[in-house]
Amino acid sequence: MTGYGVVSAIGVGKDETLGALKQKRSGLGKIAYLKTAHDEFPVGEVKLSNDEMKAMLGIRGDVPTTRTSLLGMLALREALEDSRLVGDDLRQVAFVSGTTVGGMDKSEQYYLDFLENDDRNAYIATHDCGACTEMIADHFGRFASVTTLSTACSSAANAIIYGARLIKSGEADIVVVGGSECITKFHLNGFNSLMILDRDFCRPFDAGRAGINLGEGAAFLVLENADHARGRGVKPYAQLAGYGNACDAYHQTASSPDGDGAFLAMQKAIAMGGIGAGQVDYVNAHGTGTRDNDSSESAAMRRVFGDAVPPVSSTKAFTGHTTSASGSIECAICLLAMQHRFLPANLNYKGSDGCVVPVTETKENVDLRYVLCNSFGFGGNDTSLLLKNNDIANY
Amino acid sequence: MINNWVRIKSGYGPSVEEIYKDRIGSYAKFYKMDPLSRLGFVASELLLDAEGSRDREWGETRGVVLMNATSSLADDRNYQRTIVGDDAFPSPSLFVYTLPNVVTGEIAIRNRYYGETNFFVLPGADPEQMSKVIEMSFCDDKLQSLLTGWIDCEDEEHYDALMFIANRTVCGRRAELAEEIAALFEKEIKY
Numbered sequence: 001m002t003g004y005g006v007v008s009a010i011g012v013g014k015d016e017t018l019g020a021l022k023q024k025r026s027g028l029g030k031i032a033y034l035k036t037a038h039d040e041f042p043v044g045e046v047k048l049s050n051d052e053m054k055a056m057l058g059i060r061g062d063v064p065t066t067r068t069s070l071l072g073m074l075a076l077r078e079a080l081e082d083s084r085l086v087g088d089d090l091r092q093v094a095f096v097s098g099t100t101v102g103g104m105d106k107s108e109q110y111y112l113d114f115l116e117n118d119d120r121n122a123y124i125a126t127h128d129c130g131a132c133t134e135m136i137a138d139h140f141g142r143f144a145s146v147t148t149l150s151t152a153c154s155s156a157a158n159a160i161i162y163g164a165r166l167i168k169s170g171e172a173d174i175v176v177v178g179g180s181e182c183i184t185k186f187h188l189n190g191f192n193s194l195m196i197l198d199r200d201f202c203r204p205f206d207a208g209r210a211g212i213n214l215g216e217g218a219a220f221l222v223l224e225n226a227d228h229a230r231g232r233g234v235k236p237y238a239q240l241a242g243y244g245n246a247c248d249a250y251h252q253t254a255s256s257p258d259g260d261g262a263f264l265a266m267q268k269a270i271a272m273g274g275i276g277a278g279q280v281d282y283v284n285a286h287g288t289g290t291r292d293n294d295s296s297e298s299a300a301m302r303r304v305f306g307d308a309v310p311p312v313s314s315t316k317a318f319t320g321h322t323t324s325a326s327g328s329i330e331c332a333i334c335l336l337a338m339q340h341r342f343l344p345a346n347l348n349y350k351g352s353d354g355c356v357v358p359v360t361e362t363k364e365n366v367d368l369r370y371v372l373c374n375s376f377g378f379g380g381n382d383t384s385l386l387l388k389n390n391d392i393a394n395y
Numbered sequence: 396m397i398n399n400w401v402r403i404k405s406g407y408g409p410s411v412e413e414i415y416k417d418r419i420g421s422y423a424k425f426y427k428m429d430p431l432s433r434l435g436f437v438a439s440e441l442l443l444d445a446e447g448s449r450d451r452e453w454g455e456t457r458g459v460v461l462m463n464a465t466s467s468l469a470d471d472r473n474y475q476r477t478i479v480g481d482d483a484f485p486s487p488s489l490f491v492y493t494l495p496n497v498v499t500g501e502i503a504i505r506n507r508y509y510g511e512t513n514f515f516v517l518p519g520a521d522p523e524q525m526s527k528v529i530e531m532s533f534c535d536d537k538l539q540s541l542l543t544g545w546i547d548c549e550d551e552e553h554y555d556a557l558m559f560i561a562n563r564t565v566c567g568r569r570a571e572l573a574e575e576i577a578a579l580f581e582k583e584i585k586y
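Chains D and S supply the protein sequences, listed in that same order. With the numbering used here, the residue at position 214 of the first sequence is 214, and numbering never jumps. With the numbering used here, the residue at position 78 of the second sequence is 473, and numbering never jumps.
Treat each hint with caution, since some may be false.
[What the hints assert, rightly or not] Okay, derived cross-link-like pairs now, SDA-like style, lysine to any residue, Cα gap no bigger than 25 angstroms in a straight line:
#  : chain 1 : residue 1 : chain 2 : residue 2
1  : S       : Lys537    : D       : Arg165
2  : D       : Lys35     : S       : Gly408
3  : S       : Lys427    : S       : Thr465
4  : D       : Lys35     : S       : Lys427
5  : S       : Lys427    : D       : Ala152
6  : S       : Lys537    : D       : Gly170
7  : D       : Lys168    : S       : Lys537
8  : D       : Lys47     : D       : Leu188
9  : S       : Lys416    : S       : Met396
10 : S       : Lys424    : D       : Arg291
11 : D       : Lys168    : D       : Gln92
12 : S       : Lys585    : S       : Ile414
Keep in mind that the hints were calculated from the coordinates and are not lab data.
Just chain S, same shape as in the assembly (with noise of 0.2 angstroms):
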């Protein structure tokens, strides 16, 4: 049923700065961002280029569903950062990052999708759960296809990302997904 994914962990290959530079490079936004959202943001570029779907007006078609279990931490933990001593004042530009689903927002506006954006913090990747929540949001009939999986970034140098294209074919097959998102998770790095 996964016919497009993209997978980039901490540990293998080059960093997500390098990835950037490397396979896109023209979206000075990348530098605001927080790490998870540079994570998702290069994740979906990849995906995007691999499915050859740059030309199309999703619209209401695709939405963008993303899960983990570290949240926003990495971004939270920075923000932190800037509040303690007496003198701190609290960052504005990392504050805005202080949600995990910001990331999600980054790439529906990105790709002009305007369907459904949501995003799970789960207690781990668990590929049945994970089947569920995307087989569930097949519910909105408007939907066809979806931008999902698993971004985790706990900070720039603990990070996973498994993203995929889901479409209306899982409806029903729940099991079948989880088999495919498992054994995803135990192939090779690939982007």
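Next comes chain D alone, as it looks inside the complex (with noise of 0.2 angstroms):
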């Protein structure tokens, strides 16, 4: 992993995610830039308006953009600036994005006018998740390829993997990988539907957790394999050490009791990695806040790590859920730890009702060597990445 960048409530950049990290300082507020009658719900939005965000890239007012593709295209050009990608260079890389809600955004804008009016409204050519990744692609130039996955919230964790399996197989030498997603009503009304969305902050692993807080941003991450990043010169942050997916296969939208796919996921990433589970220095969980999640993901983590399960945390109470951005935007987050050498606090957690129990405090001088990542989706569709940082030879 050679450069990325990094999108969320807590800042636009590296730079502003580390310090509010540090800080404890939460993105979640007051429904401020999405339109809707449900503000009784705190979300985790970036603070910028789509006109903020296209003066920050150069693009017109009246270019017809999605808010998923502008938030995907301030996490690439970081990410892109981070590894000293430019111009023709793209053309060597695949690009890979997770998305599920796409351009959503701008359907429900523009809905009652797409019925009307419906060769007239570029905000059509928008909206499907295709369309997003293609428009973050072309701001920036012609890559080799351009996918787009979606696997509900779990689609920028299995974006890296697919990503990590172009260059193992040789179809890529370099690849940018992650997802992109914006807050919309479809989604925001959906999960209300699920009853899982909580009126306060949300507090993951806590006793007291009644539901998800959600969030949007991006990220972006650039794997190469190793003799190609040394013929760039570039220095890798860490090594994409090994990864699992497993589903659960047990509810459209819940996760087992058990946390068989989470279980699974964990258990394959960690194998691919050549450890043991003892050597794991830190999760960052997915830890949405939800009571299903919670204790499904602390019974899978029992299951891999026994009675010593390492530090623990979800970083949902600053971010909110990012949903299909997540999982990168939380593997950006690990690797800002182990280059900083700080554990990320869990916010709002208060006590136990049989979950793991969370780092609540910023704990700084910490070496880790090995951390896993999980994001899991709808349908069990769970995703676990295992990230080795380079830095530390020996341990």
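Grab the two chains, each in its own frame, and use the hints to assemble them into the complex.
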């Protein structure tokens, strides 16, 4: 992993994100940018209007874009700069992005107009998930290939796996992978239908947890094989040492009580890394704050780690649940934690009802060699990524 | 090429629930399902009884690929009724069935099939298009057989399922497969 960029409710870019994490500054608040009647739900919005993002990106105000693609462009710009990729370099790079909501924000805004003016409304063409990825890519130039993955909340994590497999199979030497998603009425109302939105700030793993706060954002990571990175003279932040994906097949939306999918995903990732479970120094949990997820994920972690569960935190009380983008945003948080030697806190935690007990304060001066990052999607599409810190030679 | 098939259609014979009570009767989840999933579940149970394949562990070698024209409209309408009115609250149990591909999952979970699951919403029951989708599914080398067919449920009173098992013999014989599917659509109800 030779570069990354991140945008979420806690900041645009790595520096702002790092500052917020270390100072325990949450990005959750009252809905300000999404137009909805449901202002009772706190959310983690990126504190920028679409026009402000367009100005930052040098895009003319009248060019049709979606919020998902604008967030993606901001994150991708940082990732490319970080990995020193410019212009024609992109022709060798496969681009893979995860999203599920895609351009739904504009479809909600213009739906009635679609019915009347279907061939004249520019936002019909920006609706689908693939169109958002294309828009993000086109802003920077021509990539070798552009792919969109859509597996709900594990989309970005699965985009990372897909990119790694492109490299392993020799289809690509270098890929840019991640995901992007804005908040829309579509999924705010959907999660509300499932009665899993919390009217207070979310409290992952806490006994009183009552659901999710939605978030939004994007993150992209540059992955390349070691020879390619050496050839370009770029230094890796970390290595993707393993990954696992498994499906619960238990319910359309809820996780299985024993966390079968999560257990298998973590077990596979650790096995691929060639390490023992005891060598994992930190788990960035999926930890949405729903009753089901946190108890199921806790059960899965106990199956993997036994009595010796490593330090765990969910960073969703910082960012909100950024759905399809959460896999890469939380991967970026893990990379920051490794690089700057700290454990991010699990905010709003008061006490256990049997779930794992998370880290509640930022812990500094911690060497993190192996970190596990979990992302679980509806239907129990569960993914776990194992990151290895290249700066620590021996443990 | 098609040896085992089932056809259930509204207006002919007993209702889906009557068939369930009469022939299956021990899968409580049936009553949580939306009309499309109930139809697909019952058809698949009868089909697998006919195939006599219950004892085999199929794993990744069997997939479920189904097609229809009305998506999950039956459940979508039922769900929409729960949104109307000021005091209304959208029903979670109906919401989770507002996608047509849930039925493919129900069947795969019930029978521990780990192969491809997919659902296609098409303009109509066109045997040529169906055979194209079926043949294409076998591009996956691991797949040995497919529980597939047409399963349309506009509402509790209007439905039509033609479900069958296809195997790799269909590869390269798309026209023949289309003829067989067309012939089955002409036949009587069978369950």
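Okay, the hints, checked on the actual structure:
no., hint, result
1, S:Lys537 - D:Arg165, "holds, 19 angstroms"
2, D:Lys35 - S:Gly408, "violated, 51 angstroms"
3, S:Lys427 - S:Thr465, "holds, 20 angstroms"
4, D:Lys35 - S:Lys427, "violated, 34 angstroms"
5, S:Lys427 - D:Ala152, "holds, 23 angstroms"
6, S:Lys537 - D:Gly170, "holds, 22 angstroms"
7, D:Lys168 - S:Lys537, "holds, 21 angstroms"
8, D:Lys47 - D:Leu188, "holds, 18 angstroms"
9, S:Lys416 - S:Met396, "violated, 31 angstroms"
10, S:Lys424 - D:Arg291, "holds, 22 angstroms"
11, D:Lys168 - D:Gln92, "holds, 15 angstroms"
12, S:Lys585 - S:Ile414, "holds, 12 angstroms"
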